[in-house]
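Generate coordinates for the entire structure from the input sequences, incorporating the hints supplied.
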Amino acid sequence: MEWMAWTLPTALFFAAVGVLLVCMTLLELRHPCVERRGFLPIVTSRGDRLFVGLLVSAYLHLLVVGVSDWPLWVASLMSLGWLVVVLRWG
Amino acid sequence: MNKVRNNKAWWLVLPVFTLVAFSAVVPMMTVVNYSVQDIFDQSNRYFVGADWYRQVLRDPALHDALLRQFIYSGCVLLIEIPLGIAIALTMPTKGRMASICLIVMAIPLLIPWNVVGTIWQIFGRADIGLMGAALAKLGVNYNYASDPFDAWLTVLVMDVWHWTSLVALLCYSGLRAIPDVYYQAARIDRASAWAVFRHIQLPKLKNVLLIAVMLRFMDSFMIYTEPFVLTGGGPGNATTFLSQTLTRMAVGQFDLGPAAAFSLVYFLIILLVSWLFYTAMTHADKD
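So the sequences go chain by chain: A and B.
Taking the working numbering, the leading residue of the first sequence gets 1, the next gets one more, and so forth.
Taking the working numbering, the leading residue of the second sequence gets 1, the next gets one more, and so forth.
Derived by calculation from the structure, the hints in this document are not laboratory data.
These numbers come from a predicted model, not from an experiment.
Accuracy of the hints is not assured; some may be wrong.
[To be verified] With a Cα cut of at most 25 Å, we get these calculated DMTMM-like pairs of lysine to aspartate or glutamate:
1. B:K3 / A:E35
2. B:K206 / A:D48
3. B:K137 / B:D147
4. B:K204 / B:D180
5. B:K206 / B:D219
6. B:K206 / B:D189
7. B:K206 / B:D180
8. B:K204 / B:D189
9. B:K8 / A:E28
10. B:K3 / A:E28
11. B:K94 / B:D180
12. B:K137 / B:D127
As structure tokens, then:
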């Protein structure tokens, strides 16, 4: 594992991704999702919305890092808000 | 009727899962780890947070490479897709000529990238190359090694030569899949050739074209070997595309941190575009 050069923040990040995937699987088994159409212009499932949410969050982080001098947690906070919105109404 | 749900088939996915884990997920995690550290050697590495991303995202050389890449991929699509459709429409449908045409069209696809680069490198030379010498005789001042426009044009023509037949073959198969009744109906209505193309062939080709656009976009967006062999990215930086910039950074200068950050940005761009194409393809029929 040494060659993978792990750090605590990246380990936490990937652990969170893993937990998220497990949660989504369990949720799907308990309450199978029904595809629906929200404010996004396409019919989406729960997983689709999570994917869109995460992808946009990644771009939000890049935008904040690349264009502004704001600290990174501002992007994370905005992403969290966006994730809630897109998962609920997307 | 109650459907019997048998989930045992999931075990069959396990080999693929393991393979992808080792060939994609683990390396990807490593790249993420590299991108937040300054690495000197195994035991000397320091966490730098988002610094490499900041540096990479504000680097004008990378902006230029990205712009060049988008223009290049755009040009490739704008030329290859209409040309491919046009070729597919004119290809014979029956008889021996159809087979011969298919084989001739498939030949460029079989040639490896580095060989294509070498072929055009020689083909374009003014002293020994057929095209270069012919252009020189005609009085055209063409030199891909010193003129940025010529270099750019050569890389573009090379890609068109190499990959248009892929688009043509895909469209050809799409055209063959259209039932004859559509054409019969069009003949009864005395539809013009343009109307047949616009209202029968083009709509029926939509799915095939989406695949063609996606394949050609992906491939041209990560083009590396051909310009590397032909021009080495020059003259200046005229034909230095994203993957070559990345390789220079990672392998040439051994700047692992910035290269990792840059490859993740590159990955995100590809991920977004692939998702857009995938969604367009799968939702085209749903809505």
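- Message: Tell me the numbers of any earlier hints that the structure contravenes, in ascending order.
- Response: Violated: none.
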